[in-house]
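Novice: Heads up: the sequence lines are chains A and B, in that order.
Our numbering numbers the first residue of the first sequence as 92 and each following residue consecutively.
Our numbering numbers the first residue of the second sequence as 14 and each following residue consecutively.
If you're looking for bench data, these hints aren't it; they were derived computationally from the structure.
Treat the hints with care, as some may be off.
[Said to hold, decoys possible] In silico lysine to any residue, SDA-like type, Cα no more than 20 Å apart, as pairs:
hint, chain 1, residue 1, chain 2, residue 2
1, A, K103, B, D107
2, B, K25, B, R195
3, B, K143, B, N189
4, B, K25, A, R117
5, B, K252, B, N227
6, A, K106, B, G171
7, B, K143, B, R194
8, A, K103, B, D203
9, A, K106, B, D219
10, A, K106, B, D197
11, A, K103, B, L234
12, A, K103, B, V160
13, A, K129, A, I149
14, B, K252, B, G56
15, B, K237, B, R211
16, A, K106, B, K237
Letter by letter, the chains look like this.
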Amino acid sequence: MRFFERRPSSAKSAKDRLQLVLIHDRTDLTPAVLDALKDDLLTAISRHVEIDPSSVRIEVAHEGRSQRLVADIPLRSVTRRRTG
Amino acid sequence: MGAQVITITSGKGGVGKTTAVANLAVALAADGQKVVCVDGDIGLRNLDVVMGLENRIVYDVVDVIEGRCRLRQAMIRDKRLPELYLIPAAQTRDKSAVSPSDMVRLCDELRGEVDWVIIDSPAGIERGFKNAIAPADRVIVLTNPEVSAVRDADRVIGILEAEEKGSPGLIINRLNPAMVRRHDMLSAEDVLDLLAVRLLGVVPEDENVIVATNRGVPVALDGKSRAGQAFRNIARRLKGEDVPFLDLDDQGTLWQKLSRLTGRKSS
Numbered sequence: 092m093r094f095f096e097r098r099p100s101s102a103k104s105a106k107d108r109l110q111l112v113l114i115h116d117r118t119d120l121t122p123a124v125l126d127a128l129k130d131d132l133l134t135a136i137s138r139h140v141e142i143d144p145s146s147v148r149i150e151v152a153h154e155g156r157s158q159r160l161v162a163d164i165p166l167r168s169v170t171r172r173r174t175g
Numbered sequence: 014m015g016a017q018v019i020t021i022t023s024g025k026g027g028v029g030k031t032t033a034v035a036n037l038a039v040a041l042a043a044d045g046q047k048v049v050c051v052d053g054d055i056g057l058r059n060l061d062v063v064m065g066l067e068n069r070i071v072y073d074v075v076d077v078i079e080g081r082c083r084l085r086q087a088m089i090r091d092k093r094l095p096e097l098y099l100i101p102a103a104q105t106r107d108k109s110a111v112s113p114s115d116m117v118r119l120c121d122e123l124r125g126e127v128d129w130v131i132i133d134s135p136a137g138i139e140r141g142f143k144n145a146i147a148p149a150d151r152v153i154v155l156t157n158p159e160v161s162a163v164r165d166a167d168r169v170i171g172i173l174e175a176e177e178k179g180s181p182g183l184i185i186n187r188l189n190p191a192m193v194r195r196h197d198m199l200s201a202e203d204v205l206d207l208l209a210v211r212l213l214g215v216v217p218e219d220e221n222v223i224v225a226t227n228r229g230v231p232v233a234l235d236g237k238s239r240a241g242q243a244f245r246n247i248a249r250r251l252k253g254e255d256v257p258f259l260d261l262d263d264q265g266t267l268w269q270k271l272s273r274l275t276g277r278k279s280s
């Protein structure tokens with residue numbers, strides 16, 4: 092069935108790759124730095140509340156020419172932990 | 014008071030800066046404006062050949078800056094348009110022969126003489142680029158719908174913002190509408206979405222540009238060329254006119270034209 096698999100268009104690849112590379116160019120945030128930051132953040136937050144590290148999402152969002160670090164950190168429910 | 018100073022830059026080389034400078038200058042001059050263009054690429058002079066004025070050079074921009082001639086003597090009058098002038102770059106010197114404050118002084122003198130000063134910036138983000146943007150009232154960033162050109166344009170836009178030159182206008186050059194339709198080239202919308210600056214115009218890829226450059230006659234003088242039309246429209250937008258963007262899609266295949274006529278959506 093390989094024949095029917097559609098590769099994304101080359102224009103789409105170009106745009107997706109540029110989107111990532113421009114974020115790094117504009118902020119100096121490489122994927123490695125972002126990973127290190129995520130680890131530090133998780134350690135700090137875990138000292139105070141319980142979180143599920145696997146569901147944490149940290150990414151750079153952009154609006155026009157400005158970027159913003161967006162962290163989505165779901166908290167573990169305390170009641171569920173007590174009953175379970 | 015006086016002229017508007019506009020610098021065209023791109024970061025990456027070979028995207029069509031010199032061609033754009035020559036064409037915008039020609040289009041403005043053909044519209045009755047008094048225009049001088051300055052080749053800022055010291056050591057790699059090219060605006061003269063693109064405009065077909067290479068045989069008329071006596072003095073260059075470094076001669077003016079170093080006081081070997083008066084400003085007027087270095088202003089070469091165009092063959093066709095009496096209100097169009099070129100100040101060529103020096104060919105045997107390098108960028109260090111000129112400083113940003115030299116360029117500001119030169120342009121301040123030109124402001125009283127003409128309506129528009131258009132500066133052709135060299136590629137890169139070093140001294141020559143800094144010289145070219147120093148006197149600019151407005152900067153235009155030129156790019157191609159292609160990854161390396163867009164990335165470099167983004168860097169240049171960032172530097173212009175950091176240097177408080179304001180947000181530049183964008184020209185997307187050499188867009189191939191057929192490739193965009195096949196999703197094999199970034200569209201103008203894609204590039205705008207990535208760079209998030211104001212669009213001044215889109216210039217389609219056009220063989221006439223090479224033919225015109227071969228002859229030293231900027232394509233904006235060719236009434237039939239699509240690229241020439243695009244440059245003339247951009248020149249009018251620079252003057253503050255509200256000119257609708259060209260419909261680059263109307264050069265589709267016969268089938269696509271028929272589909273459009275029958276109201277069927279192709280792609």
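Novice: Work down the list of hints and note, for each, if the structure agrees.
Specialist: Comparing the hints with the structure gives:
no. : hint              : result
1   : K103(A) x D107(B) : violated, 41 Å
2   : K25(B) x R195(B)  : violated, 26 Å
3   : K143(B) x N189(B) : violated, 31 Å
4   : K25(B) x R117(A)  : holds, 17 Å
5   : K252(B) x N227(B) : violated, 29 Å
6   : K106(A) x G171(B) : holds, 19 Å
7   : K143(B) x R194(B) : violated, 38 Å
8   : K103(A) x D203(B) : holds, 9 Å
9   : K106(A) x D219(B) : violated, 24 Å
10  : K106(A) x D197(B) : holds, 11 Å
11  : K103(A) x L234(B) : violated, 36 Å
12  : K103(A) x V160(B) : holds, 11 Å
13  : K129(A) x I149(A) : holds, 7 Å
14  : K252(B) x G56(B)  : violated, 32 Å
15  : K237(B) x R211(B) : violated, 27 Å
16  : K106(A) x K237(B) : violated, 33 Å
In the structure shown, a violation is registered for the earlier hints numbered 1, 2, 3, 5, 7, 9, 11, 14, 15 and 16, in ascending order.
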